[in-house]
Amino acid sequence: MMANRSVLVWGPWVLVALLGASALGVVALHRGETINALWIVVAAVCVYLTAYRFYGLFIARRVLGLDPARRTPAVRHNDGLDYVPTHKYVLFGHHFAAIAGAGPLVGPVLATQMGYLPGTLWLLVGVVFAGAVQDFVVLFISTRRDGRSLGDLIRTEMGTIPGVIAMIGILMIMIILLAVLALVVVKALADSPWGTFTVFATMPIALLMGIYGRYIRPGRIGEVSLIGFIGLILAIVFGEHVAASPVWAPAFTFSGEALALMLIAYGFIASVIPVWLLLAPRDYLSTFLKIGTIVGLAIGILIVQPELRMPAVTRFIDGTGPVFAGTLFPFLFVTIACGAVSGFHSLVSSGTTPKMIENEVHTPFIGYGAMLMESFVAIMALVAASVLDPAIYFALNSPAALIGSTTNEAALAVSGWGFTVTPVMLDQLASELGESTILSRTGGAPTLAVGMANILSNVIGGPGMMAFWYHFAILFEALFILTTVDAGTRVARFMIQDLIGTAVPRLKDTRNWTGNLLATAVAVGGWGWFLYQGVTDPLGGINTLWPLFGISNQMLAAIALTMCTVVLFRMKRARYAWVTLLPLTWLLICTLTAGWQKMFHPDSRIGFLAHAGKYSDALARGELLPPAKGVGQMRQVIFNDYVNASLCALFMIVVAAIVFYGVKAVSEAIRSDAPTSREVGDALA
Amino acid sequence: MHWLELAKLTARLMVGVPSYEAYVSHRAVAHPGEPVMDRGKFYAERLEKRFGGVSRCC
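Chains as they are written, first to last, in our numbering: chain P, 1 to 685; chain D, 1001 to 1058.
This is chain P alone, in the form it adopts within the complex (with noise of 0.2 Å):
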């Protein structure tokens, strides 16, 4: 009878194991031929469930001790508002969508140049151990504490000193995130009508649906969406015609500084106006075309089944890929940061959702179990980057300083790294997708488009539809991320304005007007500077920016789980400290070694030091090198590369600080007889 028992409990198990091992053994020896995008997967979600029940469930119950009979803040201060008690499912999607973004659809993109198989496994491996380890265990500690921020969380575990330095730390990474974003619109619009009309049709669209739903209906969120779906749909049709049309096409075709300037004004304005005007109905917009693309993503998936044709391994492991520059290690782990462990999130799951948390045995479900969902959109992702001919990969994400401008030069040097393709094919697919080139088109989003238009069009339309797909891919990941910088910018101003107001009470009020556009200006400003800055580089900006994101990030995840480690030792549960320990000894070693190289590695397309050093010399023998075109844009370089260096060495040294406040609190944590952990309520209060 008990034995009958066990075979029904674990059998299931045992056979999900077995089928993501072999899954997981065919993605990882496979070589030579093409391989089924749908090993792929299959081997994700067996190591998510897997994953999901043992280590998770571990956790919660080991680790944490998690106490069905203890109230949550949700139960104890519920008003209906913020605080409410929440199903769990109802829960999850919540903080789903709030914790995926752009983040998991551009990192494994371009982690692709190292080929499928790096990508993969360090998506599935970080995920299961580092990242939702993180979102889980936030999200416990935060629940524990009335819902409270991770800032706030560091000032009463480990003191005020760490609390205000993580704080700036947030700050800085906010604008590197800004900025890294909106240079993926711009370069994903630059010289691209149909694309650029499509993105400035969802202004007054969105101008249109706040109006509506302020005053006509107000709170009508499913009406006044469809209404703005409808509209984007018909930006998308009507796109074609603009971009086909002698007199319109010039209208809407900018350069990327063009784009990026008036990026930058847009943001300004964006954050400053009502948020019920533009921001909210471009939010609905956004977040409903995300989870119903994802969605959707994944049926085509399943349905098409598509071989991937990028290599498992290529030989950009070796550091001289063209989209970034680096070896595997350190530089893989940084470029995927969102996917396998995004330190933003600790934000999300210290914000509103442990305010909503019903019980707290919902914690693993929906902090482990919402970051192993966004794994899965990072792995498709992966998988739409792969299927693409690994020569179409390489000249819509290489650079033109390394590929040229023509078709002619383009599968000249992309056939010279052993991907052979022809000027026709390359003219070919950019008249299938409605563009005018296909080339040096960087970023990440521009090739999730591709892979997406390729997948969604066997699936729906045929090639016909190609061109729709490409530009309704585009229009998903602009909208999605322009509302990431309105909403990303208003809360930089905040905290702009707390810091201000520390000095100056009066402009900390956010109803204050000269404050709020002070604050307003210093945030564009910030990450105006640094698009402007990538925009203009001749390796395309996203080369330099996204390899400093990912390390701030994964940073501020180090920063996290610092955290979450001072609090299990005050918990008293030092035995099982090593759940956080591990990953963020791995954050550590990946993030440092990868800062450093940012500094100093000696090849000028690694460090930020060497190019100011190469730059440098050619001025002092009097020679200009591309893009500068005088002395003054020579200097302009060797700044930018010092505001680099320099923004690289202060992550480090904010991560360093919190880890010494963490080692602090740590040896205090266990000289002390009793825990120290400074939870509110209990089970009974």
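Mixed in with the good hints, there may be bad ones.
Okay, derived cross-link-like pairs now, EDC-like style, lysine to aspartate or glutamate, Cα gap no bigger than 16 Å in a straight line [stated by the list, open to error]: (1) D:Lys1041 <-> D:Glu1021; (2) P:Lys88 <-> P:Glu358; (3) D:Lys1049 <-> P:Asp79; (4) D:Lys1008 <-> P:Glu223; (5) P:Lys572 <-> P:Glu668; (6) D:Lys1041 <-> P:Asp82; (7) P:Lys572 <-> P:Glu679; (8) P:Lys88 <-> D:Glu1005; (9) D:Lys1049 <-> P:Asp82; (10) P:Lys614 <-> P:Asp537; (11) D:Lys1008 <-> D:Glu1021; (12) P:Lys508 <-> P:Asp498; (13) P:Lys614 <-> P:Asp603; (14) P:Lys629 <-> P:Asp537; (15) P:Lys572 <-> P:Asp673.
Some chain P residues judged to face chain D by a derived CB distance under 8 Å, without partners named [what the hints assert, rightly or not]: (16) Gly101; (17) Gly219; (18) Trp276; (19) Leu279; (20) Thr287; (21) Thr352.
Hint data in this document are derived by calculation from the structure and do not stem from the laboratory. Quick caveat: nothing in here was measured; it's all calculated off a predicted structure. Where a beta carbon is used, it is the ideal one built from N, C-alpha and C, also for glycine.
Following the hints, complete the assembly by docking chain D onto the known chain P.
Below, chain D alone, put in the same frame as chain P:
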């Protein structure tokens, strides 16, 4: 709860708007007789809150 109802609640909470009905019934139970925001006010209040802090990731 019916799955369609759950899906609707999920979609609304994804954009930061919790159930208005739950809010009203909470007010009735916990604060009887005190003023309750109408749907428009409730919705506007939630929007301000959503964009007043970190509500999303990259």
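Results for each hint:
| no. | hint | in the structure |
| --- | --- | --- |
| 1 | D:Lys1041 <-> D:Glu1021 | holds (14 Å) |
| 2 | P:Lys88 <-> P:Glu358 | holds (7 Å) |
| 3 | D:Lys1049 <-> P:Asp79 | holds (14 Å) |
| 4 | D:Lys1008 <-> P:Glu223 | holds (12 Å) |
| 5 | P:Lys572 <-> P:Glu668 | holds (12 Å) |
| 6 | D:Lys1041 <-> P:Asp82 | holds (15 Å) |
| 7 | P:Lys572 <-> P:Glu679 | holds (13 Å) |
| 8 | P:Lys88 <-> D:Glu1005 | holds (14 Å) |
| 9 | D:Lys1049 <-> P:Asp82 | holds (9 Å) |
| 10 | P:Lys614 <-> P:Asp537 | holds (15 Å) |
| 11 | D:Lys1008 <-> D:Glu1021 | holds (13 Å) |
| 12 | P:Lys508 <-> P:Asp498 | holds (6 Å) |
| 13 | P:Lys614 <-> P:Asp603 | holds (10 Å) |
| 14 | P:Lys629 <-> P:Asp537 | holds (13 Å) |
| 15 | P:Lys572 <-> P:Asp673 | holds (9 Å) |
| 16 | Gly101 | holds (5 Å) |
| 17 | Gly219 | holds (4 Å) |
| 18 | Trp276 | holds (6 Å) |
| 19 | Leu279 | holds (6 Å) |
| 20 | Thr287 | holds (5 Å) |
| 21 | Thr352 | holds (7 Å) |
The structure agrees with every numbered hint stated previously.
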